[in-house]
Amino acid sequence: AQSVSQHNHHVILSEAASLELGCNYSYGGTVNLFWYVQYPGQHLQLLLKYFSGDPLVKGIKGFEAEFIKSKFSFNLRKPSVQWSDTAEYFCAVTLYNTDKLIFGTGTRLQVFP
Amino acid sequence: DSGVTQTPKHLITATGQRVTLRCSPRSGDLSVYWYQQSLDQGLQFLIQYYNGEERAKGNILERFSAQQFPDLHSELNLSSLELGDSALYFCASSKRTGNTGELFFGEGSRLTVL
Numbered sequence: 001a002q003s004v005s006q007h008n009h010h011v012i013l014s015e016a017a018s019l020e021l022g023c024n025y026s027y028g029g030t031v032n033l034f035w036y037v038q039y040p041g042q043h044l045q046l047l048l049k050y051f052s053g054d055p056l057v058k059g060i061k062g063f064e065a066e067f068i069k070s071k072f073s074f075n076l077r078k079p080s081v082q083w084s085d086t087a088e089y090f091c092a093v094t095l096y097n098t099d100k101l102i103f104g105t106g107t108r109l110q111v112f113p
Numbered sequence: 114d115s116g117v118t119q120t121p122k123h124l125i126t127a128t129g130q131r132v133t134l135r136c137s138p139r140s141g142d143l144s145v146y147w148y149q150q151s152l153d154q155g156l157q158f159l160i161q162y163y164n165g166e167e168r169a170k171g172n173i174l175e176r177f178s179a180q181q182f183p184d185l186h187s188e189l190n191l192s193s194l195e196l197g198d199s200a201l202y203f204c205a206s207s208k209r210t211g212n213t214g215e216l217f218f219g220e221g222s223r224l225t226v227l
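Quick mapping for you: the protein sequence lines, in order, are chains A and B.
Just so you know, our numbering puts 61 at position 61 of the first sequence, and the rest follows in order with no gaps.
Just so you know, our numbering puts 174 at position 61 of the second sequence, and the rest follows in order with no gaps.
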């Protein structure tokens, strides 16, 4: 069955540190890939998405993700985090042209000033 | 504000009871999705409706059912509630199917079963 793994459950960083959150998926076919973010007390919102083309995708707030097909990975990165990036981050995947968005278990990021 | 409205925001009920969660999608969105978020299982896809018809089904229990009405709002019915049904239930909407666009999530309905 299709699944998404996020290996980091809880990440604690100081401001200005670099961030990389891991995401791996299990499916051999064409997929669409997403990162969603949930700030404290707010709804889930889209951070970035990959459908095709350049495997390095840039999203909002300075985030980017790289799709590596051979590794079934879609890791999220940010060169320098801010306190306001404190949130829960979810990787998600759908099979191409389907509606079932499968989420990973999420990574809680805490950034301290 | 995502434009997706969910009611109620909080609900406390007893085991064996039945509840209904309501979702109003963003204006113009035809697809509605329901997700369950619990501490031990993360975000689980339950079911999706598109323009009134069931489109995709996930890990939805038989005790749960959903529908989408002609005005496109959706309801998730949870019956014979168990303690393990305590969770945050999210609704999301999108314009179309095929998930070629993003989903817009509501703020969730937190269900506590005592």
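Since the hints were made in silico from the structure, they are not lab data.
Note that the structure is predicted; figures quoted are calculated from it, not measured.
Heads up, some of the hints might be wrong.
Only part of the chain A face toward chain B is listed, based on derived beta-carbon distances under 7 angstroms [to be verified]:
no.	residue
1	Leu44
2	Leu46
3	Asp99
4	Lys100
5	Thr105
6	Gly106
7	Gln110
Just so you know, even glycine gets a beta-carbon here, dropped at the ideal spot from N, CA and C.
Results for each hint:
1. Taken as an interface hint, leucine 44 of chain A checks out: its beta carbon lies about 4 angstroms from the nearest beta carbon of chain B, inside 7 angstroms.
2. The interface hint given for leucine 46 of chain A holds, since its Cβ lies 4 angstroms from the closest Cβ of chain B, which is under the 7 angstroms cut-off.
3. Hint status for aspartate 99 of chain A: holds, given a least beta-carbon distance of 5 angstroms to chain B, under 7 angstroms.
4. Because the closest C-beta pair between lysine 100 of chain A and chain B is about 5 angstroms apart, less than 7 angstroms, the hint holds.
5. Taking 7 angstroms as the C-beta cut-off, the interface hint given for threonine 105 of chain A holds, the closest approach to chain B being about 4 angstroms.
6. Interface restraint check for glycine 106 of chain A: the shortest CB-CB distance to chain B comes to about 6 angstroms, inside 7 angstroms, so the restraint holds.
7. Evaluation of the glutamine 110 of chain A hint against chain B yields a violated restraint, the C-beta minimum of about 17 angstroms exceeding 7 angstroms.
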